[in-house]
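**Student:** From first to last, the protein sequence lines are chains H and B. Here the first sequence is numbered in the UniProt record's numbering, starting from 1 and rising by one per residue. Here the second sequence is numbered in the UniProt record's numbering, starting from 1 and rising by one per residue.
Because the hints were derived from the structure by calculation, they are not lab data. Heads up, the beta-carbon is just placed ideally off N, CA and C, and yes, glycines get one too. Hints may be right or wrong, so weigh each one.
Straight-line distance between alpha carbons at most 20 Å, and here's what the computed EDC-like set of lysine to aspartate or glutamate pairs gives [to be verified]:
1. 308/H - 232/H
2. 115/B - 64/H
3. 245/H - 226/H
4. 132/H - 137/B
5. 131/H - 137/B
6. 30/H - 164/B
7. 209/H - 232/H
8. 114/B - 197/H
9. 301/B - 259/B
10. 114/B - 101/B
11. 114/B - 226/H
12. 115/B - 283/H
13. 216/H - 164/B
14. 30/H - 116/B
15. 80/B - 240/B
Here are some chain B residues the structure puts well away from chain H; computed CB gaps all over 10 Å [stated by the list, open to error]:
16. 185
17. 218
18. 337
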Amino acid sequence: MAERMGFPTSIERVERLTPTLRRFVLRAQKQALPPVSPGSYATLEFGDGEKVYKNAYSIVMRSEDGLELTVIVRLAPQSRGGSRFLHEKGQPGLPVWIGSVANLFPIVKTARRHLLLSAGIGITPFLSYLKKMRSIGADYTLHHFCRPEERSAFDALLSEQDQTRVFVHTGLPSEVGLADWLRDESIATHVYFCGPEGFMKWVEETTHKLGFAPGKVHSEHFFVPEGGRPFEVILARSGRRVSVKADETLLEALELADVDAPCMCRGGACGACEVTVLGGQPDHRDHVLTEAERASGNIILTCVSRAKTDTLTLDL
Amino acid sequence: MSGQTQIRDSYRPPFRVDNSEETILRFPFPFPEDNYMYSMNIEPHVKGGPVEAMSHTFDVDEHYIGECAEKARILAEDPKRCMVLPHMRDAEWDFLELGMDSLSSDYPEHFTLKKEGNDWSWENHLLNISQSFVFGDAATLPLAPFEYMARQMQGDFTLHDQRENDLWMDGGMVTSQADWSLKFDMGMSFRQWHAPVPKASEMGIFDRGLRFLLMLQYGRPVRRLNWTMTINPRLDTSPENYMIWGEDRASVTAENVAEKVHLRVELQTLYRLPRSNAVLFAIRCYLMPIKDIMTVPKWRKRLHRVLRDLDPALASYKGLDLFRPTVVEFLRPYDDGAPLSSGIQSV
């Protein structure tokens, strides 16, 4: 097994932003944390001895000295336990291991103008964008959508931003006129969006309908792997069998069984955990594989996808 | 690295580049097997490896001062060997930080870095450079940060922006290249700059390579070896100067082959840069004449077999056609055909 990569931290401060949103400031225990590019996420590992959770969160801020890292965690209703654990037991002093840090949603540095669209917790990657864009004098606008009862929380979160470029809405995108604003954007504008699936689908369809070139439309699906029907995997190289329970992911089951399986984002977005399927039918839940790859049925992303059949045979 | 305090090497006529026994044995010989074909030969760039050249983040050897002087001469003649597009500003600082951090921790006897917040001071004892500056403030350095640092490191460096699921060559300093040009490749995507390479595309190597590199993570650099052959110890075999070095290829004879023909190996390392999310591609070039390779029995036998059986399309692409038969003929008597251990280590 390779040396364990990452950084030990512990929770320094917790702030309750809304009943479902909490801000956690993590403090480095040993060396300073490396600089991060806007849009990066960190995989956090934490737990209570009974269970170890590994969840990826957008990095909202890294302090100048590299000693503190801020994330915002939403209590996910379909949580398999990670966000619930942080909301209930994430108190100052709790050790949190920062595993991989990577960026699947970077700012396009060559863009003339940036239009940022977010809903709910989808604001988190843009909090790091805004700081950078302001410091380099970029042309940008943010429209954020939230429920009326959350408005004051997001207003507060954005209070230090340039108020001529940042707008919070409590109406639906279709009601406040977002389609018209998108239509009025110039051909050089890049659109970035992040939020719940319904919002993502609306922006995807609307930008497509309005003729935005695919290369100018960027999104990050924040994705909590959901459970499902239990199944069994057969590891072809050793012949071992590993059971995947209803509330754990295939990747987690492999890790518990000490199988050295590849992974990075743990959210179906990067593709690093791809494994060859030798038998059985995958239930694809990622955002990476092409339609042709899905149809072929011979690869699976273990971090989010499951099985339609009772067993899957993997080339591991 | 052996002590060296003055310019000793000459990479132009009259050529003079001498390799000590230590330098020969630490050479990254590129052939782990008796046959060569393109492959995804990428492995983690962890310190240590089959040869000493892989034991540091950036390898510094006895030719450091000579190579830095040659680089400075090439840049003086052709300043556009170093170009960086404006959106790569953060990547420039990332590069400078990686270079200074790793050189000062890998070679504390040659390089010293002190940091107090953003007030940094850098000392390069080999080149007699001493510089205090504010990290992040380009006005406090005599050159742009990328150029400042790349001039103090052996090898070539390119900076790649990641966007639209591709890597774009948006900056670099290229002075020791095997017949490619930064001026030509600037702004190109991964597939565009690889377009001249035969066979590899149909083998799917570029698709897999790009997919892999798009997921490259900070703190987990990777490396691979690439190779070609160069006549005379010329670092700069650029298309811009083809009229100077091109004719060398027709000068190889049975008498001068061991002196003139060099195995040119690139130890290529790739790093994710943290602030910019850019990818740094470092290409460290090693030139080893046949006469020095001859001193290692395993390497001379393997080089004979690889060159003898090389795919003709690859031989042409690498520019070996005019002298490959002469080299093979020269090496043939020194290969007894005995089986060799796999891997690139010298025994």
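**Student:** Closest CB-CB distance from residue 185/B to chain H, is it above 10 Å?
**Tutor:** holds (17 Å)
**Student:** Would the hint linking residue 308/H and residue 232/H be met if the CA-CA limit is 20 Å?
**Tutor:** Distance ~11 Å between residue 308/H and residue 232/H Cα, so the pair holds.
**Student:** Just to be careful, I want the Cα atoms of residue 216/H and residue 164/B compared with a cutoff of 20 Å; is the pair within it?
**Tutor:** Between residue 216/H and residue 164/B the Cα gap is close to 8 Å, so the pair holds against 20 Å.
**Student:** Are residue 114/B and residue 197/H close enough, with their CA atoms no more than 20 Å apart?
**Tutor:** violated (49 Å)
**Student:** Verify this label for me: residue 218/B is non-interface relative to chain H, using a Cβ-Cβ cutoff of 10 Å.
**Tutor:** Non-interface label on residue 218/B violated, nearest chain H Cβ at 6 Å vs cutoff 10 Å.
**Student:** When you check the alpha-carbon spacing of residue 131/H and residue 137/B, does it fall within 20 Å?
**Tutor:** Holds - the C-alpha atoms of residue 137/B and residue 131/H are around 18 Å apart, at most 20 Å.
**Student:** Given the hint that residue 209/H pairs with residue 232/H, test it: the Cα-Cα distance must not exceed 20 Å.
**Tutor:** With a Cα-Cα distance of about 43 Å, the restraint between residue 209/H and residue 232/H is violated, given a limit of 20 Å.
**Student:** Hint check: residue 114/B vs residue 101/B, CA-CA at most 20 Å. Holds or violated?
**Tutor:** holds (10 Å)
**Student:** Regarding the pair residue 30/H and residue 116/B, is the alpha-carbon distance no greater than 20 Å?
**Tutor:** Cα-Cα ~18 Å, so holds.
**Student:** Quick one, are residue 30/H and residue 164/B close enough, alpha carbons at most 20 Å?
**Tutor:** Roughly 36 Å between the alpha carbons, so the hint for residue 30/H and residue 164/B is violated.
**Student:** Within a Cα-Cα threshold of 20 Å, do residue 115/B and residue 64/H meet the stated pairing?
**Tutor:** holds (14 Å)
**Student:** What's the verdict on residue 114/B and residue 226/H, does the C-alpha distance respect the 20 Å limit or exceed it?
**Tutor:** violated (48 Å)
Violation of the numbered hints given earlier is confined to hints 6, 7, 8, 11, 12, 17; the remaining hints are satisfied by the structure.
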